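Visitor: If you want the building blocks of each chain, they are given just below.
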Amino acid sequence: MCGIVGLYLKNQTLENQLGSMFAPMLEAMTGRGPDSAGFAIYGDQAQEGSTKITLRHPDLEYDWDTLAHHAQTHLAVNVAFNRNHNAAVFKMATDAKTANAYFATHAPEVALLSAGQSIEILKAVGLPGDISSDFNLTSMQGSHIIGHTRMATESAVTLEGSHPFSTGQDLCLVHNGSFSNHNRLRTELAYHGYQMKTENDTEVAAGYLTWRMDQGDTLDQSLQHALQDLDGFYTLAIGTKNGFAVIRDPIACKPAVLAETDDYVAMASEYQALTSLVNIEHARIWEPEPATIYSWQRDSQQG
Amino acid sequence: MQSINLAEHSVRQLNQLLHDQYNHLDERQWDVSQTSGQHNIACGLNQNLEVNIHGHVGYFCAGMNQLAYVTVHGNAGQGVAENMMSGTVHVKGDASSAAGATAHGGLLIVDGNTGARCGISMKGCDIVVKGNVGHMSCFMAQAGTLVVCGDAGEALGDSLYETVIYVKGKVQSLGADCIEKPVTEKHLKKLKKLLKSAGAEEDPAQFKRYGSARQLYNFKVDNAY
Numbered sequence: 001m002c003g004i005v006g007l008y009l010k011n012q013t014l015e016n017q018l019g020s021m022f023a024p025m026l027e028a029m030t031g032r033g034p035d036s037a038g039f040a041i042y043g044d045q046a047q048e049g050s051t052k053i054t055l056r057h058p059d060l061e062y063d064w065d066t067l068a069h070h071a072q073t074h075l076a077v078n079v080a081f082n083r084n085h086n087a088a089v090f091k092m093a094t095d096a097k098t099a100n101a102y103f104a105t106h107a108p109e110v111a112l113l114s115a116g117q118s119i120e121i122l123k124a125v126g127l128p129g130d131i132s133s134d135f136n137l138t139s140m141q142g143s144h145i146i147g148h149t150r151m152a153t154e155s156a157v158t159l160e161g162s163h164p165f166s167t168g169q170d171l172c173l174v175h176n177g178s179f180s181n182h183n184r185l186r187t188e189l190a191y192h193g194y195q196m197k198t199e200n201d202t203e204v205a206a207g208y209l210t211w212r213m214d215q216g217d218t219l220d221q222s223l224q225h226a227l228q229d230l231d232g233f234y235t236l237a238i239g240t241k242n243g244f245a246v247i248r249d250p251i252a253c254k255p256a257v258l259a260e261t262d263d264y265v266a267m268a269s270e271y272q273a274l275t276s277l278v279n280i281e282h283a284r285i286w287e288p289e290p291a292t293i294y295s296w297q298r299d300s301q302q303g
Numbered sequence: 001m002q003s004i005n006l007a008e009h010s011v012r013q014l015n016q017l018l019h020d021q022y023n024h025l026d027e028r029q030w031d032v033s034q035t036s037g038q039h040n041i042a043c044g045l046n047q048n049l050e051v052n053i054h055g056h057v058g059y060f061c062a063g064m065n066q067l068a069y070v071t072v073h074g075n076a077g078q079g080v081a082e083n084m085m086s087g088t089v090h091v092k093g094d095a096s097s098a099a100g101a102t103a104h105g106g107l108l109i110v111d112g113n114t115g116a117r118c119g120i121s122m123k124g125c126d127i128v129v130k131g132n133v134g135h136m137s138c139f140m141a142q143a144g145t146l147v148v149c150g151d152a153g154e155a156l157g158d159s160l161y162e163t164v165i166y167v168k169g170k171v172q173s174l175g176a177d178c179i180e181k182p183v184t185e186k187h188l189k190k191l192k193k194l195l196k197s198a199g200a201e202e203d204p205a206q207f208k209r210y211g212s213a214r215q216l217y218n219f220k221v222d223n224a225y
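Residue numbers (our numbering), protein chains in the order written: chain Z, 1 to 303; chain R, 1 to 225.
Hints were generated in silico from the structure; no laboratory data involved.
Predicted, not measured: the structure shown is a model, and the values here were computed from it.
Glycine included, each C-beta is placed from N, C-alpha and C at the ideal position.
Just to be clear, a hint being listed does not mean it is correct.
[What the hints assert, rightly or not] Now the stretches of chain Z that chain R is said to cover, found in silico as 3 or more residues with beta-carbon under 8 Å:
1. 219–231
2. 265–272
[Stated by the list, open to error] Simulated restraints on C-beta separations:
3. R:Tyr22 <-> Z:Asn82: 28 to 38 Å
4. R:Gly199 <-> Z:Ser155: 21 to 31 Å
5. Z:Asn181 <-> R:Asp26: 28 to 38 Å
6. R:Leu216 <-> Z:Pro58: 52 to 62 Å
7. R:Lys220 <-> Z:Asn181: 27 to 37 Å
8. Z:Asn183 <-> R:Ala200: 41 to 51 Å
9. Z:Glu15 <-> R:Leu188: 55 to 65 Å
10. R:Asp26 <-> Z:Pro58: 52 to 62 Å
11. Z:Gly126 <-> R:Lys92: 35 to 45 Å
12. R:Phe219 <-> Z:Asp299: 54 to 64 Å
13. R:Ala176 <-> Z:Asn183: 27 to 37 Å
14. Z:Asn279 <-> R:Gln206: 34 to 44 Å
[Stated by the list, open to error] Going by beta-carbon spacing under 7 Å, a handful of chain R positions derived as facing chain Z:
15. Gln34
16. Ser36
17. Gly37
18. Ser96
19. Gly115
20. Ala116
Could you build all of it, start to finish, from the sequences and the hints given here?
Guide: As structure tokens, then:
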């Protein structure tokens, strides 16, 4: 089943409320996905030339200080981090490739959840409400956020299988449904040099979009290709550094509702998840058409 | 009139109160507020009640309805009035997919648009949609009438049995075994009556009629047992 939700702010003055607006939306989808939950939030950007990395270690007492210190000495670059429950967000004055390689070699016990300049992914196994309070979602700020509540179908209930998945810098998607051709696509992506980390079908979809965008596709073009190449039942909400998009497969079996006001665009599997939003009673509310791309983009100057 | 606020009562409590009217009718008019898109509101009614629901509703609103007149002053989620037997369900906004699915009788009115598969497998109800319907509407529909005042999406009436479809606007494509058929006086009369009962001010002469060509497997006598 699964529930997906997304919130994209058009009005920048609301950015300090993003987390508090979004937390009830995520929690409202508990019925559709009580196994695990997670979200990808875009905000608190790293400086140009720096990389922002989300890391996780199951041990709440994990010594992030030592890791940050070691990274700083080893790479000879500035490293700062914030601890958040069992995760830590590192900002490092280097590129993503160097940072990724460093953690893979020197801290293999740490899971790398996202890399980019703006994205931060936090997820866990358990009830959405618990996960939201563990990571203190209500206090978080940013420009847009997408989230997922999982009822597992294609792979086991583990942290590795929980969503969202990010396979490229600042790119993330959440998915309700299932892909029937994910094994073949996984092989094809591997052929192009994109190695997936899990057996999960959603990761393959994320990997597919990463590959397309690396080939020079815009967000909309990559989704146009996805409609051709992804087979299955799906509703997707996608986040990029500056953009937010929603698509449904041509059969449109998996639900989706969109709402738009002057202040925000909100998406959810069910209308229930939108009822807590300010001014929702005056929003334009509609069901996205099958095989149609809905996207919103901030111009990059606004960041 | 009795008013129920769903911020204070559960949907289960509301539905129980409405079902209690089956054995002992002492209140015909009900007002429901603070719906917050919850599922299964006013399901399984079996009494001549008038239920006004203020706000958007989730899945299966007024499902299995018998006798009651249910009005949704908002949008409805998937499967509104699914398996309705009799009575009337009126959605003032839009309805999601599978509106009126498998419904045997009664009238479903949607003032806005519906999503995909409107009237899928309907078995005798009448549906009047004042806006557009999505793809695969009336898929395998067996009896009853669908009237669309706007446009219809792809594969309208795929694998249709005896349901009759009237569309005023464009039909993106017809499904397997669904064809356009002539509109006779008899059809105009019936359509006029339906449009009137739905409060749709449309000229029946502007509608085209679609039905089954009766060429698929089930219609071949050689395939009969």
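Visitor: May I ask you to test the interface hint for Gly115 of chain R with respect to chain Z, counting a Cβ-Cβ separation under 7 Å as satisfied?
Guide: holds, 5 Å
Visitor: Check the following: the C-beta atoms of Asn183 of chain Z and Ala200 of chain R are separated by a distance inside 41 to 51 Å.
Guide: holds, 50 Å
Visitor: For the hint on Gln34 of chain R, just tell me whether its beta-carbon gets within less than 7 Å of chain Z.
Guide: This interface hint is violated because 9 Å lies over the 7 Å limit.
Visitor: Can the hint on Ser36 of chain R be confirmed by a CB-to-CB distance to chain Z that is less than 7 Å?
Guide: Nearest chain Z Cβ about 4 Å off; hint holds.
Visitor: Take the C-beta atom of Glu15 of chain Z and the C-beta atom of Leu188 of chain R, compute their distance, and say whether it sits inside 55 to 65 Å.
Guide: Once the Cβ atoms are compared, 59 Å apart, the range 55 to 65 Å for Leu188 of chain R and Glu15 of chain Z holds.
Visitor: State, for the Cβ atoms of Asp26 of chain R and Pro58 of chain Z, whether the hinted interval 52 to 62 Å holds or is violated.
Guide: Distance hint for Asp26 of chain R, Pro58 of chain Z holds at roughly 60 Å.
Visitor: With respect to the beta-carbon atoms only, verify the hint that Asn279 of chain Z and Gln206 of chain R lie 34 to 44 Å apart.
Guide: holds, 39 Å
Visitor: Can the hint on Ala116 of chain R be confirmed by a CB-to-CB distance to chain Z that is less than 7 Å?
Guide: holds, 5 Å
Visitor: With a cut-off of 7 Å on the beta carbons, see whether Gly37 of chain R makes it to chain Z.
Guide: holds, 3 Å
Visitor: Mind checking, does the segment 265–272 of chain Z have 3 or more residues with a CB under 8 Å from chain R?
Guide: holds (count 3)
Visitor: Using the C-beta atoms of Lys220 of chain R and Asn181 of chain Z, is the stated range 27 to 37 Å upheld?
Guide: Holds, since Lys220 of chain R and Asn181 of chain Z (Cβ atoms, about 35 Å apart) stay within the stated range.
Visitor: Are Ala176 of chain R and Asn183 of chain Z spaced within 27 to 37 Å by their CB atoms?
Guide: holds, 31 Å
Consistency note: the structure conflicts with the earlier hints numbered 1, 3, 4, 5, 15.
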